[in-house]
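Novice: Following the hints, complete the assembly by docking chain B onto the known chain A.
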Amino acid sequence: MKFVDEYRDQAKAEALAQAIARITTKSWSIMEVCGGQTHSIVKYGIDELLPQAITLLHGPGCPVCVTPLELIDKALQIAARPEVIFCSFGDMLRVPGTGGDLFSVKAKGADVRIVYSPLDALTIARQNPGRQVVFFAVGFETTAPANAMAVFQANAQKIPNFSVLVSHVLVPPAMEAILGAPDNRTQGFLAAGHVCTVMGFEEYLPLAKKYHVPIVVTGFEPVDILQGIFKCVEQLEQGRAEVENQYARSVQRTGNRPAQALMAKVFRVVARKWRGVGEIPNSGFALQDEFAAYDAEARFGVAGYHVDEDSECIAGQVLRGVKKPQECPAFGTRCTPDRPLGATMVSSEGACAAYYQYRRHQQTSLAAGKRS
Amino acid sequence: MAEKSDAPFTLSCPIPITNQDFVTLAHGGGGRMMHSLLDRIVIPAFGNQPLESRHDGAVMEVDKGRLAFTTDSYVVHPLFFPGGDIGTLAVTGTVNDLAMCGARPLCLSAGFILEEGLPVATLERVVASMARTARAAKVTIVTGDTKVVDRGKGDGLFVNTAGIGIVEHNLTIAPTSVRPGDAILLSGDVGRHGVAIMAVREGLQFQTTIETDCAPLADPVLALLAAGIDVHCLRDLTRGGLATTLIEIAESSRLHVGIGERDIAVEENVCGACEILGLDPLYLANEGRFVAFVPAAQADRALQIMRTHPVSAAATRIGTVSESPAALVTLQSRIGTKRILDMHSGEQLPRIC
Chain A
6 MKFVDEYRDQ AKAEALAQAI ARITTKSWSI MEVCGGQTHS IVKYGIDELL
56 PQAITLLHGP GCPVCVTPLE LIDKALQIAA RPEVIFCSFG DMLRVPGTGG
106 DLFSVKAKGA DVRIVYSPLD ALTIARQNPG RQVVFFAVGF ETTAPANAMA
156 VFQANAQKIP NFSVLVSHVL VPPAMEAILG APDNRTQGFL AAGHVCTVMG
206 FEEYLPLAKK YHVPIVVTGF EPVDILQGIF KCVEQLEQGR AEVENQYARS
256 VQRTGNRPAQ ALMAKVFRVV ARKWRGVGEI PNSGFALQDE FAAYDAEARF
306 GVAGYHVDED SECIAGQVLR GVKKPQECPA FGTRCTPDRP LGATMVSSEG
356 ACAAYYQYRR HQQTSLAAGK RS
Chain B
723 MAEKSDAPFT LSCPIPITNQ DFVTLAHGGG GRMMHSLLDR IVIPAFGNQP
773 LESRHDGAVM EVDKGRLAFT TDSYVVHPLF FPGGDIGTLA VTGTVNDLAM
823 CGARPLCLSA GFILEEGLPV ATLERVVASM ARTARAAKVT IVTGDTKVVD
873 RGKGDGLFVN TAGIGIVEHN LTIAPTSVRP GDAILLSGDV GRHGVAIMAV
923 REGLQFQTTI ETDCAPLADP VLALLAAGID VHCLRDLTRG GLATTLIEIA
973 ESSRLHVGIG ERDIAVEENV CGACEILGLD PLYLANEGRF VAFVPAAQAD
1023 RALQIMRTHP VSAAATRIGT VSESPAALVT LQSRIGTKRI LDMHSGEQLP
1073 RIC
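As you go down the protein sequences, you meet chains A and B in turn.
Numbers 6 to 377, taken from the numbering used here, label the letters of the first sequence in order.
Numbers 723 to 1075, taken from the numbering used here, label the letters of the second sequence in order.
So here's chain A without its partners, still in its complex pose:
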């Protein structure tokens, strides 16, 4: 398939891996920010191609994984109401809350529907004027424009039975929280290509400067990721800390301006809780006052609900790159994709789920090992 096959080419991948090995003289820890990149790295075994000195840390960029427990619980409470049609992207349905997941609420009779776009949820609202249609607006800057558009359209078309449960988070504040933590191990970043398609990469310039850390905007295919790693290692070896764009076929410096304008109209920046990490200032979106009528938390009276997270789950440390999934005592035993303790085990983009799916048997059976 065009625009995909050339980025999954064995010869190109091997040439890049050799180039990385050639320029690497010290040990470096590089974090890929986005869950889509984590999935690709583990699926294609990209880290197997890298020299021993390079460690990849898996970042916080999986929207399913960082959505806080209490928001999942709020979703469950709202979805269980008889008047509600609860619409969500597919992989949120299996994320465990305190008392089950959206699948189990659906099995007990709730009307929970998988949609591919928030605008589909808006259509459902238009078709069901007697029901309350709630869309679970999760995700990073990538999904925010479409979610903003749904709210904007609901307002413009006067669709009063539509609302959104907002759980939007932003990448740069999370990167700053990682860099500022005392146990930080990250020396360079592969920034999330699709987030930058929307936002551009200017907002990363001050981060690179302040923390003296190279940031390479990177795509999602194996060759993209290897190129991103190469550029990052090159900077680290040369002592540079700049923002570079590997994913130029999709990302422009200023991003998608109309999308940004719509997001700014509908959302305002607020502090957000991240599952396993805690609250990060200025790290998410809430609805602007003009659109407050579409806030599902207020509409269904769940805004004041709080809950503590499972203490055994180390998802927070995994999301900050401090620990690898296998270092968790519950990994693969008390915590599996069938019975996840935390969200990193749920989404295919979650680091724990990716390791479970592709690496679980590795130590005993696949003598894959890294090349030296």
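It is worth saying that the hints were derived from the structure and are not from the lab.
Yeah, the Cβ is synthetic: ideal placement off N, Cα and C, and Gly gets one too.
Don't take each hint at face value.
[To be verified] Each computed DSS-like pair below joins lysine-lysine, with the alpha-carbon atoms no more than 25 Å apart: (1) B/K1060 <-> A/K17; (2) B/K1060 <-> A/K48; (3) A/K48 <-> A/K17; (4) A/K48 <-> A/K7; (5) A/K328 <-> B/K1060; (6) A/K111 <-> B/K875; (7) A/K31 <-> A/K214; (8) B/K875 <-> A/K113; (9) A/K31 <-> A/K17; (10) A/K163 <-> A/K270; (11) B/K1060 <-> A/K7; (12) B/K1060 <-> A/K329.
[As the list claims (entries may be wrong)] What the simulated footprint calls covered on chain A by chain B, stretch by stretch (three residues with Cβ under 8 Å from a Cβ of chain B suffice, anywhere in the stretch; the number is not a length): (13) 13 to 26; (14) 51 to 58.
Specialist: The following block gives chain B in isolation, referenced to the frame of chain A:
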């Protein structure tokens, strides 16, 4: 004083309407309505002696030997999709299960669970495609059953089929017969049925319509057996797709199944749909694809035989069985690295971004 009716006086009496164009509870009552449904729709379509005898069951002559017996229920939604419908599925699914036992499919039963209010035309269409598919698969539908459930207690139409086939060889075709060194042959491209269903169900539109691969598989299987290929295991790649099937075989044989991603064909439009939705084509359902495990020495001949049949014209060798790592499936990726294929915990879920 009674109101005077404007209706002209007639001598008709209030007998039940028997030619309704939708299914009512009376159609399942065992009385005249049900018989009328069978007479008008089912029996003419499936027409054969055991069915026409209207006995409680079918009695048939069979040659001495082993029988294969299987059953499956079909609840697909929507009932009609590009390239097929619940009727084609209900026949091919069961016929293919028999073929995977290495059996020559002989006859089927058909059980219908109809939801009150189902248009009779829908039933007619489904029955017609069952009849057509049965003819193509060289089986007869010799017995059946019809039930009607209250509106809201079904999804329009459910079908169950059971099938009997004759085993005309002495092989044990099963995961336990798989041996280290066996070649793994795949009958064609994968993922089409899964994407076709998802596209209709979710209203997704692609540049070209993706059609199901739904097709009977007995012909190439019987040809392999007739040619004396020592077939060790056969499996059709339905729910869970190629990956799940191979994992099941690796686990039950306690052997290692190694396959190459580059050898597995996925049509360009299926590939594109999977990229957009975040799905893995190796885990998508197929209804007209199978894998055959055969001794390596016979692999080329087996491929030649498979390729002479339209349904397996694009057959390829995708891998080899070895001793270890036991009970695992490994995939050599396009970039040359290896990874384990693991069973998903449920259905694949479309990703957020």
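Novice: Compare the structure with each hint and give your call.
Specialist: Hint by hint, here is what the structure shows:
With a C-alpha separation of about 17 Å, the suggested pair B/K1060 and A/K17 falls inside the 25 Å cut-off, and the hint holds. With a CA separation close to 9 Å, the supplied pair B/K1060 and A/K48 stays within the 25 Å bound. At roughly 17 Å between alpha-carbon atoms, A/K48 and A/K17 fall within 25 Å of each other, so this suggested pair holds. This hinted pair checks out: A/K48 and A/K7 have alpha carbons roughly 20 Å apart, not beyond 25 Å.
Distance restraint check for A/K328 and B/K1060: the Cα-Cα separation of roughly 24 Å lies within the 25 Å cut-off, and the hinted pair is therefore satisfied. The suggested pairing of A/K111 with B/K875 holds, with an alpha-carbon distance near 17 Å, which does not exceed 25 Å. Restraint check for A/K31 and A/K214: the C-alpha separation of about 22 Å stays at or below 25 Å, so the hint holds. The hinted pair formed by B/K875 and A/K113 meets the criterion: a straight-line CA distance of about 16 Å does not exceed 25 Å.
For the suggested pair A/K31 and A/K17, the alpha carbons sit about 24 Å apart, so the restraint of at most 25 Å is met. In summary, the hint linking A/K163 to A/K270 is supported, as the alpha carbons are separated by about 17 Å, within the 25 Å threshold. Of the supplied pair hints, the one linking B/K1060 and A/K7 holds, its CA atoms being roughly 24 Å apart against a limit of 25 Å. Only pairs whose Cα atoms come within 25 Å are accepted, and B/K1060 paired with A/K329 is accepted, the gap being roughly 20 Å.
Counting residues of the region 13 to 26 of chain A whose C-beta lies closer than 8 Å to any C-beta of chain B gives 5; at least three are required, and the coverage claim holds. Beta-carbon proximity to chain B at under 8 Å applies to 3 residues in the region 51 to 58 of chain A; the threshold of 3 is reached and the given coverage holds.
Comparing the model with each numbered hint stated earlier shows that all of them hold.
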